[in-house]
Amino acid sequence: MLLPVSSDAQLARRTVQLATGSLARRKLSQKVAFVFLWLAGFLVVAALVWIIGYVMVQGVRVINLEFLTTRPAGGVSGEGGISTTIVTTLYLVVLTIVIATPLGVGAAVYLVEYAEETERESRLVSYLIAIARTGIEILAGVPSIIFGLFGFALFVSAMKLKFSLLSAGLSGACLILPVIIRTSEEALLAVPRSYREGSLALGATKWQTTVGVVLPAAMPGIITGVILSVGRIIAETAIFWVTLGGSYRLPASLLSSGRSMALHVYMLASETRAFEKAMGTAAILIMTIVMLNLIINYTSRRFAARMMGKSR
Amino acid sequence: MREPDSAPGMTAGGRQLPASSHQTGRPLFVTIVAILLVAVAIGAIVGGILLSVPAGEGALGSLQVRLGVRSEEGMQYSLQILLAAIILAGLSALLAWGMWTLQNWARTAVILLLGAIGLYYGLTVMFDAAGQIFGGEQVVPVGTILRIAFSGLFGVVATGLIPGAIIYALIRLDAHFEESPGQRAFIDRCIRHLLLATALSAVLIVFLIILFTLAEAWEAIEEIGLNTMLLGTIWRPGSIIGAEDARFGLVPMIVGSILATFGAIVLGVPLSIGTAILLAEIAPSLVREIMRPAVELLAGIPSVVYGLFGMVVLAPLIRKIEVPYNTGFGLLNASIVLAVMILPTVTNIAEDAIRAVPRHYKEGSLALGATHWQTIRDVILPAARSGIIAAIILGIGRALGETMAVIMVIGNSIAIPKPLTNNPLTLFLSSARTLTGNIAVEINYAAGAHRSALFFTGVLLFLMILLVNSLARYLMRERLSS
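So the protein sequences, as listed, match chains F and Z. Sequential numbering from 1 applies to the first sequence in the working numbering. Sequential numbering from 313 applies to the second sequence in the working numbering.
Isolated chain Z, as found in the complex (with noise of 0.2 Å):
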């Protein structure tokens, strides 16, 4: 920030100081900026006019071959360098009168020019050195990991000092540069406009998200039909067994991820609303302390690590449920998996509903000779209800959505999952794929409608997470307005 006493027309002992403070010269240093600048603009001019003028056998036309610019046809591109020489020339010409004129515009201007020159420069040394230590089979020792460090170090700031020292030098030159009124306020309608554009972003992006898979889905759509997708029942790619025979038939998948997330509520929510209310209400803070963190730390675990967990651990361990086909990888194993990953969701916002509670509501009917547990029962949680079903709701978007830990542990087979004996519970034993599972395993290698036909389902998936997620927003907003 500019200190107050630099600002220029300040008055002191009631005696006008200079208005401005052009009248204390122009430093050397933005001289020497804005001549550099000025050769810039000529170099960039002449180089330009060298460049794109067919020249004859010696250096110049070498150079010009080498470059690319000129063939056996004849001159490539010199209408583009031509221009992009004038271009360059004018917007040094520009900065260099605007420090020449002490601009604060341009002073901006040319700092962050050479930041971006930095900014580049240091990722290339960067991907430059990291090559060199971690590209080969092996990490290369620590001595020549120490010399290569040593002389990028070196590189960096024998390169860098030169605009880093003008960057440094024309940040402390604050107090010389001048900004108009009109410049301040044009500045700030810029800087407004520009955030204004930064908070669209999010918006854009859920734009571009529809506009892309709806675009690539679209194929999809025309040639094999909403009909045919939505209740086909066979999911059978042509890019495996031949075009013509091809079938893409969602019902499966769409069956699939409606009984993983039907499991993984029955097992999860029990338990996450239950350590909600052991967190909100019962637990001294001492637990609370050690539970919280440890329920964050579900969330941050990665999906593919619960995935590997349920391959190694949960799918012997079901394989031991006795029953023909059981291969351990299925409905069950998914579920579980689940159940443990939304654990974190639904307790965090069933947790908050239940403290938005009014405390006199508590007070109130514990007053009235009600215990706890009455309270909690017949007050609390009927009065945190909405953000509880929010929570639920949460959850189901999370489970639907997840991707990579499913597809480690559900078996991903494309038949609609069917009980594997005549007791119905082994439905859950049953292997099956989800929406998400379906796009995972086959994108990679997938073409033409196949391809479509995923991004199709991604489209359906995203509809699906949309209605959800607006359903528990809906309940949320309800229970804030309450």
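Just chain F, same shape as in the assembly (with noise of 0.2 Å):
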């Protein structure tokens, strides 16, 4: 054969000369193998039921509602509820949520409705989004301990703002800016072209297009990346525990110490062995995650539901 020697055609004289073994052997290879590849995914179900199933059994001992309404006892008793720990865990996610949308929203419109042209206009310009692109990707890959030290250099000693919820608001902010910013731009980016010119051509400018037009399209999109980025920060600790200070106590402002659930059960495992307690806490963030994982799969279910039909 005379083919071009291109990667199709050699996997495909690759396949030939494999398909020569006996059939009957083949058949049973891939039995053997097709166990092994049913058996991984059978212990991924396993080890989240197992794991999921160990702390709800034990948690749910635990939780009532004295445990739910009594601060935690300071020290190293372990003993006490969680109260104070659910507000500031609350806290934590309007704050982050409030600073990091707004940006995160703005850089993925720029990057969607803008970038393109403005590109073509300016060198610079082009060059600045290049660098915006790689700096979301490596943001992205920062680990979440060197987003707690970035935290406690700039906000807690440098800009004198103390283990606070604002330190650990905006460390946080960091941590979830990424996350907003990529679920945006994949919701940007699935609302049709049409809807677009159609506004444009009505006269409207690029702006009133963009704030009349795409983002309440992509609305429900934007939605999901931001529940996203809370179960993130509900589930974070390493960013708290280096910038939240820990208290028991409710933050009586912006600017005084807390501690988050995550924080909570951290602390409780490690520093007083008070593990019942601890289980409980976990329990109630893993039902706090699966409610958001039930929500998110809803929304972006109807999203991506609506956008197909509406491009039709």
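Bear in mind the hints are in silico, worked out from the structure with no lab data behind them. Each residue gets a CB set at the ideal place from its N, CA and C atoms; glycine is no exception. Careful, some of the hints might be misleading.
[Unchecked claim] Covered, in the sense of this in silico footprint (three residues per stretch, anywhere, with C-beta under 8 Å from a C-beta of chain Z), are these stretches of chain F:
hint, stretch
1, 141-149
2, 179-191
3, 204-211
[Said to hold, decoys possible] DEER-style ranges, computed between Cβ atoms:
hint, chain 1, residue 1, chain 2, residue 2, range
4, Z, Ile-457, F, Tyr-298, 57 to 67 Å
5, F, Glu-137, Z, Arg-697, 34 to 44 Å
6, F, Leu-294, Z, Val-358, 55 to 65 Å
7, Z, Val-358, F, Glu-66, 55 to 65 Å
8, F, Leu-294, Z, Gln-450, 27 to 37 Å
9, F, Gly-198, Z, Glu-790, 37 to 47 Å
10, Z, Arg-697, F, Tyr-298, 33 to 43 Å
11, Z, Thr-540, F, Tyr-298, 20 to 30 Å
12, Z, Arg-496, F, Gly-198, 44 to 54 Å
Since each chain sits alone in its own frame, please combine them into the complex, following the hints.
Here you go:
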């Protein structure tokens, strides 16, 4: 055969060579291989069920109204409930989302809606955009302890915000910024081109089109990203271990120290060995995460269905 | 969005309508807002002068003392107060003029200003109410919660009514405000630059991270030296033993990180790739529908929960292996926990890579008589090779960077891990410490050179992760371009 040497052709040739063993042997090897693959999948699900099941069963024993409404006892006793840690976690979620969402959505809007035409106009801007994309990719891979160190150096020490909600919120916002940018970018890209063209044809400016047409259409996708980040913040520990201080009292202002639920789990387990209470808090955390995942599944599915339906 | 028929200069039936909405008159409401702003400007000037000029002993004098602008030594900050008052008055006067002449920018500014004040006020009320409800030992009873919530709500409504009404009315009065084409273009340009700035925020953060960790690590690099830290095998921070005897060798942590990551890859990657193949090629859609959320959930579970599980469940299990000095906490425990934690990352990216293999590869292979497994093994997996390698490398990055779960289960000893007995496999039962763990365990009480050395640990970790991730990105990009 005189085919050009492409990867397709090479692969095909290789298959011809391989498909020469006896049929029974090949079928047997397929069976064995598939058993192993199913085993792998089963093990993954089993690990999930084991971890969640164990924590839930152990945790539910501790959880009652008193556990939820009492604040943790200080010191190393490990007694008390988790009331203040729930509120602190909520504070952190609100704070990080409020800081990161405008930045993240703005960045996504620029990269999707504006970048292409501005790139053509000026070479400087096109360099800046390339740098911005690289920066987002790097930021997405930075481990959370580095964000913690950074927050410790900049917010806690240099800006003298001390161990506080604000330091922790600012550091946490850095963690979720790339998440929000990426999901918003995807959501904006999924909005059909005809939407924009229709709006521009009616005489709206670029900005009016973006705010009035594109963003509302992409909103469910953006919200999915925000919920994803909420989950990241609830689960985050390393950053808050380094920047939040860990006081068991309720933060009285943005500049006072606190303790999130995840941080509480760590401090209970590592410092006081109060495993039952830690399991109870962990169970609450898992329930929250499961709920958030269900919401994400629902919204992202609806968004996908809507975009599919409308682009037709 | 503005309705088309409210745009100025619209023609109806060939007759030119009044060219501008000015002719419809200035709404009373806008007049009130403008007068309010003028009042603010006059108040700022008067107040600024009264507060910054020394007064006698009367009411004004005591107010000055109470506000802290006057003390025994005389007036303080009087220049600053005067300056602030003049700036405030100027800005309010400018806004008042803008509102009077129905400029759109003034309307936007007033709305944003009132919104900011409302946000600040809302935050104060929230902290106050939360402090009353959750601040004590015990959450207050439901009746009290309702009372606090009600009074808080009442306060918000009572004080927010006027600004809220102004904002609402201003938004409704859209048609009255002028927006010249020049202004429109100007705002469009401003927004463009503002958005570019937000797009650059991620780079700024990366830059600041590098700047600040390097700056903090500089002391260690200068005083302790790169060689000592990168090649030293003893970590003995001065704040524990006494400064003159402090040693800052990072080799134990580097070895610990590499071994824990290696263990995680050995345990986790076969499972992940197997699951990815299962999900992409073999499993019926019902199984997929169940397994994919399960894998996503694994990614969402907080790392402390994995750590807790490792402490409470895995450690006693591992302790059953009969080897002297086996505590259950060590590299094996950390490797298992990390293996589960990297599962979602590796599985998702590997599955994407397998799915991205063109359909006709598979069809061609099947048509030639290969079994499904042969097709997977000899056609699909080789074609998806670079994507799968990228997935594994990203898994390595994730394992290297994981902190809290690891410090809960690895034992955190500062010696280089050694096999516990003659059997080299017992190496994995030995306690160790990772680079991430080194930072997290000690940063909260470190000072001086010790603290700086911990920041250097961070720099090292950052560089390793950067290297690993850019390798993965390169491979993924190669896959996309081929």
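So which of those numbered hints doesn't the model satisfy? Violated hints: 2, 4, 5, 11, 12; rest satisfied.
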